[in-house]
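*Asks:* Sequence:
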Amino acid sequence: MSAAHPAAVHGPAASAARSAGRLAAAAGLLLFAVATGVVLSRHPLPLTLVFAFGFGLLGALALALARYDAAVALGVFLLAAVRIEPAPADLILFVVIAVALVTGRFDLRRVPLIVTVLLSVFLALNMLASVELIDVGRGVTFFAITLYLAVFGLWLTAYVRSARAARVVLRAYVAAAVISAAVAVLALVVAFPGHDVFVRGPRAQGLFKDPNVLGPFLVPAALLLLEETVAPRLLRARLATKVALISILTVGILFSFSRAAWLNLVVGAFVMFCVLALRRGGGRRAMTFLVTAVSATAVLFAALAVTSSFAFLSERARFQTYDVQRFGAQLSGIELAAKYPLGIGPGQFEQISPISAHSTYVRALSEEGVLGLLVLLALLLLTLGFAGRNAVLGRDTYGIGSAALLSAWCGLLANSVFIDTLHWRHLWLLAALIWVGAARPFAGPGPVPARSLSSPRSTRSASFGRR
56 MSAAHPAAVH
66 GPAASAARSA
76 GRLAAAAGLL
86 LFAVATGVVL
96 SRHPLPLTLV
106 FAFGFGLLGA
116 LALALARYDA
126 AVALGVFLLA
136 AVRIEPAPAD
146 LILFVVIAVA
156 LVTGRFDLRR
166 VPLIVTVLLS
176 VFLALNMLAS
186 VELIDVGRGV
196 TFFAITLYLA
206 VFGLWLTAYV
216 RSARAARVVL
226 RAYVAAAVIS
236 AAVAVLALVV
246 AFPGHDVFVR
256 GPRAQGLFKD
266 PNVLGPFLVP
276 AALLLLEETV
286 APRLLRARLA
296 TKVALISILT
306 VGILFSFSRA
316 AWLNLVVGAF
326 VMFCVLALRR
336 GGGRRAMTFL
346 VTAVSATAVL
356 FAALAVTSSF
366 AFLSERARFQ
376 TYDVQRFGAQ
386 LSGIELAAKY
396 PLGIGPGQFE
406 QISPISAHST
416 YVRALSEEGV
426 LGLLVLLALL
436 LLTLGFAGRN
446 AVLGRDTYGI
456 GSAALLSAWC
466 GLLANSVFID
476 TLHWRHLWLL
486 AALIWVGAAR
496 PFAGPGPVPA
506 RSLSSPRSTR
516 SASFGRR
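Just remember that this note's numbering sits 55 ahead of the position in the sequence shown, which is counted from 1.
It is worth saying that the hints were derived from the structure and are not from the lab.
Every residue gets a Cβ at the ideal spot worked out from N, C-alpha and C, and that includes glycine.
There could be a bad hint or two in this list.
Okay, the calculated beta carbon distance ranges per label pair [what the hints assert, rightly or not]:
| no. | residue 1 | residue 2 | range |
| --- | --- | --- | --- |
| 1 | Ala360 | Val447 | 37 to 45 Å |
| 2 | Ile407 | Thr296 | 44 to 52 Å |
| 3 | Gly249 | Val447 | 41 to 49 Å |
| 4 | Val172 | Pro409 | 32 to 40 Å |
| 5 | Ala117 | Arg226 | 36 to 44 Å |
| 6 | Leu333 | Gly111 | 15 to 23 Å |
| 7 | Ala393 | Gly256 | 36 to 44 Å |
Using the sequences and the accompanying hints, generate a full structural model.
*Replies:* This is the structure in structure tokens:
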């Protein structure tokens, strides 16, 4: 299957597609704004916070207009803070996407068409299932966030069009993950003022709602750093620095004590090792990978020994009593799908079940019906296919390693069996980076200079079926 490169498409059809894309994105942002208003009306903020909120939006707008890339970096960095929704990152990125719409930087033609179609169908099924809403306010808010994240994924796919843009996203994400891990782990062992904000009991939580989100947020960053250690492209830090950063991230993953995050990391690391070993020069790369992994593991054992956490680690690794409730909730989700073929509507699972779905697939099945689950699976598996093909061809995302993106996506798909990941911002970030790699003109491994995209010669069609 082949797809014309964005800049190679001209004429009324291209103009209509661009206008439709901007209209859809604008509608998504508008609905997100309405949902924000609904949330604030239900949970009114003190006047000082309202003023801070307003000044924050004005500051974000000024930054986006003056330093667009800096605003993007700030938005990606703030993905590490999702304690409430809308999160601070959402507000920054909302402004950035709005500026992109107004200035013509939001170009849907850079997104694989099949991705746009599947996302549109899934969102339409969300709206169709809304006829069964029990809590309308919850349904509108939940759907608005889903729509916003879909728009975010499409926008990011259009934004990353050069090695410079890829470096902005990679550095911001890795920095956010490393700082989150370091602060959360430090909060477990040092009672500094406000340390309890970053922990939940003996588990590292960071600025997320749940430790089960912090751990998986750190995994892709660790995998991206691992490939950068084996094959440096965008990050020019020394090997020792990269190993130290990976060690911080793995300690953070361990001390989140999230079994799904551990599974995520193990699956991702295994897939990456296999991909690196099978590539040309795989022996040397696999050895570098193993040395780095062993170094990080040694740091893990040292951290466990220092904090005397072996007993809690052993307890967390066992089957927990509440696991029965989780699997029971998933079973009730399947029963709901049989009773409501079109689904019960976005965000309604918790209105019927006392326990959350704890599975992206079960949530989609119960809330959007069988067809909604099939469409979501098609999107996830299509992205997996893109990631696999990128890894086989060595087609990176303007310097962001395809092996790391494939392994991180495999880990997330496994994680999604046990945790609801639909509203995880980094899931959509990873998907967008994979879509970029699938849609970009193939020029072999390694970053493509930003200036190459400004040349008319670079606007020739890109094929998904040829090198």
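*Asks:* Does each hint fit the structure? Answer for all of them.
*Replies:* Each hint, compared with the structure:
1. Ala360 with Val447: 37 to 45 Å: 41 Å, holds
2. Ile407 with Thr296: 44 to 52 Å: Given about 50 Å between the Cβ atoms, the range holds.
3. Gly249 with Val447: 41 to 49 Å: Holds: the Cβ-Cβ distance is about 47 Å, inside 41 to 49 Å.
4. Val172 with Pro409: 32 to 40 Å: 37 Å, holds
5. Ala117 with Arg226: 36 to 44 Å: With a Cβ separation near 22 Å, Ala117 and Arg226 fall outside 36 to 44 Å, so the hint is violated.
6. Leu333 with Gly111: 15 to 23 Å: Check failed, 47 Å falls outside 15 to 23 Å.
7. Ala393 with Gly256: 36 to 44 Å: 38 Å, holds
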